[in-house]
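Asks: Got two chains here, each in a separate frame; can you build the complex from them with the hints?
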Amino acid sequence: MTQTLELKIGWLYPTLMSTYGDRGNVIAIQQRAQWRGINVEVVPYDRDSEPDLIHQVDIMAGGGAQDRQQEIVMRDLAGAKAAAIKAKLDAGAPGVFTCGSPQLLGKFYEPGLGEKIEGMNIIDLETKHPGIDTQRCIGNVVFEITAKRLAAELTELLGGQKPLIVGFENHGGRTFLGPNAEALGKVVKGYGNNATDGTEGAFYHNAIATYSHGPLIPKNPFIADWMIKTALQNKYQTEIDLAPLDDSLADRARAAMLKRLEIN
Amino acid sequence: MQINLLDRIRLGIAVFAAKTITSTIRTFKLGAASVLPGTIGKRLHPQILTMLSQQIKYGVIVVAGTNGKTTTSLLLRDILEKDGWKVVHNEAGANLVNGLITTLLENTSLTGKLKADYGILEVDENVIPIVIPQLKPKYVLALNLFRDQLDRYGEVDTITYRWGKAIAELDGDTILVTNGDDPALAHLGQQLAAGAKPKQVKYFGLSEPELYLDEIPHAVDSIYCPSCGTALEYKGVYLSHQGDFDCPKCDFTKSKLSIDSKQWPQVLIGVYNKYNTLAAITVMESIGISTQVILDTITNFQAAFGRSEELVYNGKKVRILLTKNPASMNETIRAVSQVKQAGNEAVSLMVLNDRTPDGTDVSWIWDVDTEKFVNSGGTIVVSGDRVYDMALRLEYSKIDRDKGCKIIVKEDLKDAIDTALELTATTETLHIIPTYSAMLDVREILTGKKIL
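If you read the protein sequences in the order shown, they are chains F and E.
Going by this note's numbering, the first residue of the first sequence is number 1, and it counts up by one from there.
Going by this note's numbering, the first residue of the second sequence is number 1, and it counts up by one from there.
Hints were generated in silico from the structure; no laboratory data involved.
The model shown is predicted, which means the values in this text are computed figures rather than measured ones.
Be aware that a few hints might be false.
What the hints assert, rightly or not - Interface residues of chain F toward chain E, partial, derived using beta-carbon atoms under 8 Å:
#1 20
#2 170
#3 253
#4 256
Unchecked claim - To list a few chain E residues with every Cβ distance to chain F over 10 Å, as calculated:
#5 6
#6 55
#7 130
#8 210
#9 211
Ideal placement from N, C-alpha and C gives every residue a C-beta, glycine not left out.
This is chain E alone, in the form it adopts within the complex (with noise of 0.2 Å):
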């Protein structure tokens, strides 16, 4: 990208005043400083977002969607960085377009030059049309769509009306990657690929239908055809609303999918990390990374902190899976559920919180199937600063009051964590099941530090 001498001296400017302060704030730690340069850039030069993200070489994969922005960024950048390029990543989660610049920052020398060849920004949902006309991205990779704090968000349909906007207008070779399987994004690509400035667009999705989950779950938003608005047939459901359907009475239908799930491994558990894995693939495979280095790299795939993370605790093993919304506590609990079926581990620890990242609403637990889960036996220790919600929640599940599993209530999160991990056999792990505050609470009894 040209960028005129003015220019150059006002980025140049930007830049420097905003990394002096990042560097003043880290020396005297006075916070970790993931937005505040970017705040501080931004005043000082308003295309500031604009101007470093073309700098990077092979340009910026935006990842977007509800769930699992973390882990497939994540997997994202351990294949590019496996196949030896330079990568940018905003992997402290700071998603808001503060943040965005925060990070380019952290990798930008101090007369504005940026030196990377891929950029991997995870953004917020509500962000993305803002950020996409300035990032004009190689790739965006839309995941998938559930209901989530709606107090926050608004409507499912209008997020996927903005974002198809957003990418719509922009004049560039961006390519759409999205998930197949939801037919409110199959639907936003079919448009976008036959738009006035017509976009690629690659689906992916499962090809198992050994996978399908018995019934729709409650808790579906995008069960009617975004095109006609008719209740959509299924074939079979593989996580929430996403899975085989066609439209009864339109012409709408499933795209063709760009990747056989059935040839590919997953990383971590549960089928919403196949969903993520199938992603990842999905770019990696359109960039021309090889199979080989795309599979080393699932196989040696580590965690981020709380998303299925496994840890050590005074001997025994635990494992962390966060839960934000009614989609993901189904699938946390499946999960959990498969791994109690196949051996015998049955104590779980939920913990639910309601601060400002949790959302202050708890009332989404009640559009969570949980019946299954308890009434399979076991025990669940419950807590958090909603420990009797999440307990109420739980003991309506039960069929008899008498059985299902051991409700547990433990108001202290450290007692909660001891008392499960005491009813945990050393042979057997213990899943851990927190919102996203309660995680970072978790995390830090756990490993004794704070991450944030």
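Okay, chain F solo, but in the shape it has when bound (with noise of 0.2 Å):
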């Protein structure tokens, strides 16, 4: 190919959405472009920012936040955010959204203490605190990736195998799917959306919605890899390959934990 590629990725909120590690996603999305050779800027999305600014972006990043920032996020998304976040997804854009974030492309949550805040209602879930004195959801996470096409992608690009996601988890609120809302995934260990029913995130268009932090790509780099090939996909509309990397550091990482939390 003898044009440079470019992504651009955009970051939601970078200082009050980052609690959990979580630009090691925007890092690892960074870095496994650029050592291919491809041209990336980040562009922070952040309170000043005018709505539009999203349309200028292949990829969306955002992380989790405390109770108070998610709240200033949340006032700060309503309206024409929101509606710009919307429409950048639902025309195909690459997204992922970990720890806290999926709750705000929700209808609502519902903290534990204070009052219920609106969401983007993008996906069809709500959130429920179920008050600070129950115990929050924390430990290691697997889950397997089940949205039908996504897993499908991901199978490809993996030469076959099941596409199994090893993160962390540490959440109060529980997520409830609605009956529009396609479940990321279903937990094998761990708690996942709401230590019920089964479910892990949520997938909408090429959005990737969950609660697992760790953060999430670095170790499950495939994630990465399918964000990067879509977006660069829908930008010059024609098939991209990527030059593989070495994951061995990953390989590791991932066969580490799957052992101690004795998964085969």
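Replies: Structure follows, in structure tokens:
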């Protein structure tokens, strides 16, 4: 290819929403693209950003926030920004929303203390905190991606292996999917969306929403490759093949955790 | 403090029972007994913490903060002892309520009499609001507040609020000594000085712009004005969110520092230990300890275990830099980088565990700015329960995968230490950067004995 490819990553609220190392997802996507010679620009999408800025980016990433910060973000998103993000996702832009940020995409979040906060109402899901005295869902988590189209595309990318995610979850809220939402995966070990129905996360067009941080991507690098490939294909309207990278460290990190959790 | 006869008898029984049990545990080597006597004592006399601490002649100094409690407490203790005072100090780091009681009990006679001039108690940030009303301290030394194990502690601003409330309600002449470079703590000090029961407040901090960081680290928590919520303007940042700040919107600004950092040497290495030193000096000067005694103690200071502690192992020099959270890892790798620039020391060993005292969630390493450290060359050996997570963080810091430092992965800690030492020249020092439980493991290998 003669043309140098370019990728813009839109990072939602980098300072307000980066509590549990979630910038690791941005770093991993950026590095995996740069190591392949793709030019990358990281664009912060913040309180002082124009809503339309989101239309310039190719990939979106959002992380978790503490309750107070989450409330600031949710108020800021309401209206024009929510509409712009929805339009972008509906057009097929890949996104990764981890930790607390899936709650933003849903209908509402009811915190343990304080008032119910409206979400962007993009994905048919709602989140309720059962009260501050209820135990949080904390620990290492493993789930298999079951969202139909994503599972098929990732399985192909992995040469036939089923896409298993290894991560860490830490959330007080319990998320319940509505009839119009597709679960991202099913829990193998851990709590998942609500510790009861075995679902984890949600998948919407090309947006991945999950409680799993750790951060998500460094130990599950195929997610980044799928996002980069999808974003570049959207942008350049041509089939993109990414050169393979040495992922032996990630493989060993995954193997060590799967062994510890006694999962084959 | 006046204690009535009935209380005195109850206290005596509680002390007697708790002390007998401690000695039994120690005699039969059943454990270190660093908290159990406190548990028993509190059961037998609910006010035991107050009744014991009020007997300390010149009062208690409470040391609080996310990082630096142990080093600062040790420095305070060394200075006071050098000046000839008898000090009680929870040096084993048992900093929850029962650990504090146990420390005081150890210095109490069987009849409930505690003889000491000063008490130095380092206290867990979450326990501060509970123990402040009971201890009625003479000094509260609030060092800093960083993001650390959020699952356990909740938000940084919630903690500041709870500390402020506990101190504000005290009746006596408690003095707050706090970090004037930390916006949240500076605000806390200003509120307490202007409260209904105004407190005397002294601020320590740096006045050395040449130590400003090139940019604000990613893992900052308090860059918004604690008074009006506007983003603060910084002339420069010394460490995390600590620096020379000003609010562009309201009248919140820094208070005048009580100390000129340029006039004093520091203990150990790193800017974080400069802060610890200044914190201790500010309290000691306020008490009236002479400059000479303070300077002598700083010069001869020996580190607490694992905190910039220097050891020799198989003829090679080793320095252990305990690392607990993004702020402390940023600072330990900065200190090592400074040593690297000054000489040629280029081998480090990073050990990441995920046991309860370390925090079970290791995602915080991605909030650390490891990029400069990795791209400045040298060798980093990696080990610990989460060796591959640490290795991945370092690998993803590389601008060019074929350049930067060499990363060597060793699952087995002994193997990792041996490898790192072999690569370290005899004229150089190996820097080991472990999390808490990893630090204990490293020390056990290096010294051949367990400490806790």
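Asks: Now tell me if each hint is right for this structure.
Replies: Status of the hints after comparison with the structure:
Look at residue 20(F): its Cβ gets to within about 5 Å of chain E, closer than 8 Å, so that hint holds up. Interface restraint check: residue 170(F) against chain E, minimum CB-CB distance 6 Å, threshold 8 Å, status holds. A hinted interface residue such as residue 253(F) counts as satisfied when its beta carbon comes closer than 8 Å to some beta carbon of chain E; here the least separation is about 3 Å, so the hint holds. Annotation: residue 256(F) was flagged as interfacial toward chain E, and the flag holds, the nearest CB pair being 6 Å apart, inside 8 Å.
Residue-level check passed: residue 6(E) sits 37 Å from the nearest beta carbon of chain F, beyond 10 Å. Every C-beta of chain F lies more than 10 Å from that of residue 55(E), the closest at about 38 Å, which supports listing it as non-interface. Chain F leaves residue 130(E) outside its interface by the beta-carbon criterion, the shortest separation being 18 Å against a cut-off of 10 Å. Residue placement check: residue 210(E) keeps its beta carbon more than 10 Å from all beta carbons of chain F (closest about 27 Å).
The non-interface label for residue 211(E) is consistent with chain F: the shortest C-beta to C-beta separation is roughly 23 Å, beyond 10 Å.
Hint compliance for this structure: every hint is met.
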